[in-house]
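Undergrad: Single-letter residue listing:
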Amino acid sequence: MMSRVIKKFFVASMIMWMAPVAILYGFNNHIFPGTGQLSSSSQTLMSGFLAVVSVNLVIVLYIIMAMKETGSSEHQPDPAFLAEANASIKQPSNMTTNDDTPAREKVE
Amino acid sequence: MLYTICQSVRNQGSYSPISCGLWVALHQLRLLYSSLSAAMASSWSRALTQVSPYTFASVGIAISIGVSVLGAAWGIYITGSSLIGAAIKAPRITSKNLISVIFCEAVAIYGVIVAIILQTKLESVPASKIYDPESLRAGYAIFASGIIVGFANLMCGLCVGIIGSSCALSDAQNSTLFVKILVIEIFGSALGLFGVIVGIIMSSQATWPAKTT
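Chains as they are written, first to last, in numbering that gives the first Met the number 0: chain D, 0 to 107; chain C, 0 to 212.
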């Protein structure tokens, strides 16, 4: 099972690969409407710069998504940990003295 | 200098076998040096201009993708190992610090973009025109473009990788530092961008001679 973080990263990586290759393919095979009469050198320049701009656009979008996500999900403590912490406060004190001796043996 | 050595050898008086041998050896060395320099001057320049421009172009394409991926992989493994190690104690850093890995991957994609552009620039010319100045120029332009992009991306990937690794470690300690280190990382990834821009401009003027006879 993939967490949301890895799925977002995977989608961004795939788009980062496919968008510039698609732009280059489109310019070389004259798929885009206005590119019929471009000379070879300006076709190279346009396709190259548009591909690089598209990669940077995907990077900026990913940065925005990543910064927005961590702002909201930071303040929720894990519920299992919270339950265990509450339970250990209410435990009687003789349970804690039995736990000390195995801990001291481990230190040696 | 050779002349003074010969003079001093000859002025020893008696022509002992050692001095004769030394004089002959020095004379041979002088002849060898003059013939070698004349031969080297013509054969090196002849060899370089007789290498086919397609060799240079293909090596340029190989360097552009190969060395870019080298830089990107280096950066990703430096940043990835720090990120995974730091995420043991602070698992919250993983979602933001994958930005460093995305920067390194962009470096590899720049190499792929330029390699695709360069290989569309390769055209075949008739055999009589392979050593025309114009087709030599096209071969050298593709070669240079590949080297520019490859080595710029190599250093950019390395730079972003090292910054990303310390970004992960400092974010694990103190999350207010992340945005400041991200600014440094953006400057680092601009280096690869410079190389790609110059490489694309360089390759756009690689025109081979026309095929008309």
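For the record, the hints were derived by calculation from the structure and aren't laboratory data. Quick reminder that beta carbons are idealized off the backbone N, C-alpha and C, glycines included. Check each hint, because a few of them may be wrong.
[Claimed, not checked] Only some residues are given here: those of chain C computed to face chain D with a beta carbon under 8 angstroms:
id, residue
1, 33
2, 95
3, 101
4, 102
5, 104
6, 109
7, 112
8, 115
9, 121
10, 123
11, 127
12, 199
13, 200
14, 202
Undergrad: Honestly, which of those hints from before does the structure not fit?
TA: Of the numbered hints given earlier, those the structure breaks are 1, 9, 10 and 11, listed in rising order.
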